[in-house]
Amino acid sequence: MYYCQKCTYFGHMKCATAPVSAFVEALSDFFITRFSNFQVDFEGEHKDTAITSTGSNDQHRIEEHWSHPDHPLELCQFIINEHDSDDEDDDDNTTVLTCDGCTQPITVTHPSYYGCAQCNFFLHSVCATKFPKVLPIGLSSFHPQHSLSLMRKPRFYTIVNCGVCNGWTNGFYYECEACDMKIDICCAFLPPRIKHKSHKHHPFILCDDSRSVSRYGIQGGMEYGCEICSNFRINIPSVFYPSTMKHKYEDHPITLRYPPFFYEGVFYCEVCEEQVNNQWWLYHCDESDHSFHFSCLCIMQRIKLGGTIIFCGNNSKKHTFVYVYKDNVRKNSPLYKCDVCWYTNARGFYLECEGCGVLVCPTCMIKVEAFFRARFGHVLQLNQQRVQDFRQKIGASEYTLISILFLF
10 MYYCQKCTYF GHMKCATAPV SAFVEALSDF FITRFSNFQV DFEGEHKDTA ITSTGSNDQH
70 RIEEHWSHPD HPLELCQFII NEHDSDDEDD DDNTTVLTCD GCTQPITVTH PSYYGCAQCN
130 FFLHSVCATK FPKVLPIGLS SFHPQHSLSL MRKPRFYTIV NCGVCNGWTN GFYYECEACD
190 MKIDICCAFL PPRIKHKSHK HHPFILCDDS RSVSRYGIQG GMEYGCEICS NFRINIPSVF
250 YPSTMKHKYE DHPITLRYPP FFYEGVFYCE VCEEQVNNQW WLYHCDESDH SFHFSCLCIM
310 QRIKLGGTII FCGNNSKKHT FVYVYKDNVR KNSPLYKCDV CWYTNARGFY LECEGCGVLV
370 CPTCMIKVEA FFRARFGHVL QLNQQRVQDF RQKIGASEYT LISILFLF
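Heads up, the sequence shown is in this note's numbering, so the first residue is 10 and it goes up one at a time.
Do not take every clue at face value.
[Stated by the list, open to error] Pair by pair, the computed Cβ-Cβ distance ranges are:
| hint | residue 1 | residue 2 | range |
| --- | --- | --- | --- |
| 1 | H211 | N129 | 38 to 48 Å |
| 2 | V105 | R356 | 19 to 29 Å |
| 3 | G274 | K162 | 25 to 35 Å |
| 4 | H211 | A379 | 47 to 57 Å |
| 5 | T118 | L148 | 18 to 28 Å |
| 6 | C350 | P262 | 17 to 27 Å |
[Unchecked claim] Lysine-lysine pairs mimicking DSS-like chemistry, simulated, CA-CA at most 25 Å apart:
| hint | residue 1 | residue 2 |
| --- | --- | --- |
| 7 | K376 | K327 |
| 8 | K327 | K340 |
| 9 | K340 | K162 |
| 10 | K206 | K255 |
| 11 | K142 | K162 |
Derived by calculation from the structure, the hints in this document are not laboratory data. The beta carbon of each residue, even a glycine, is placed where N, CA and C say it ideally should be.
Turn these sequences into a full structure, and let the hints guide you.
Next comes the structure, spelled out in structure tokens:
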């Protein structure tokens, strides 16, 4: 057999030398990369990117993908071009492509992807072709009693709650229609037994009280527990925290640290300025001696932001709404308010007009978009008189937004 002394890993000679099918190799490589560090390497953040076609063995064009039936998807290759830049410190020069399936960046680690440039819709080639449309009964560790169907919400700004990690996603997910529950694709393929750096001596197993999630889920999500130390557990979101990451205000990598810490003094989070509990996990930069709550840095792991909706008036006045996340990390900061329903919140998802700053919550935007898609097509075309004519025929949300955009 083959043996790795450092990792205490054993493999039969037959298993180690056997050829691996393209299907298994693609899925294994894809998930091993994400389930070992859970975030892509950002070392190339000061480099510009270029997108070219590729000669991969994958089919070069998908005429109608189930998740994007409006336009065909072209096979492309992600590459990074090195060149001298007059403004290398400007992070805005970096092109970032995000997969609409797993909601993770597309990088040179997995460069093959399918894209629709017209809709800014992209999928890793693995996400586009390798995920089974139906997970048979027993294949998911978290919901083995029923089969699961691969799904995606039709609107990019609508999100679903994962019954395993209790997080949110607007990417692909598996759904059990009988139990009315949803599982993020990353959680759907987690094994019942794992090893984690926070507790190196013993493996973790899926806790018995978390093994079969129902339609009501579990408060705070499911958990893995040490099979030896009965009082040591970690929840599913903790499993996905990246071991290192790059923060826009830090020049050095930030490392996930586990207690005990031998440090005199008090840790304060550089984001929210609140004290950090040094008896629990935290992110820390040794070079700058800066600390961060993991919750302040790991909020948006499964959401793809940046999608747009465009509304136009007959006077060429255009409003481009961008999908954003707003968060008041500091105390006593003003609340964010939807300009349609006036509901306020300290944090949340909104569609924000690039030009005038109007904020619309997803709930109101669904009503507005559905109304105008049914009557006017993809782009809103109205003049002031028609707005007044429709006042009696549309709901309050639709009229409020139209008034804000085109009457004032």
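Hints versus structure:
no., hint, result
1, H211 <-> N129: 38 to 48 Å, "holds, 45 Å"
2, V105 <-> R356: 19 to 29 Å, "holds, 22 Å"
3, G274 <-> K162: 25 to 35 Å, "violated, 46 Å"
4, H211 <-> A379: 47 to 57 Å, "holds, 52 Å"
5, T118 <-> L148: 18 to 28 Å, "holds, 26 Å"
6, C350 <-> P262: 17 to 27 Å, "violated, 41 Å"
7, K376 <-> K327, "holds, 20 Å"
8, K327 <-> K340, "violated, 35 Å"
9, K340 <-> K162, "violated, 34 Å"
10, K206 <-> K255, "holds, 20 Å"
11, K142 <-> K162, "holds, 15 Å"
In terms of the numbered hints stated before, the structure departs from hints 3, 6, 8, 9, listed from lowest to highest.
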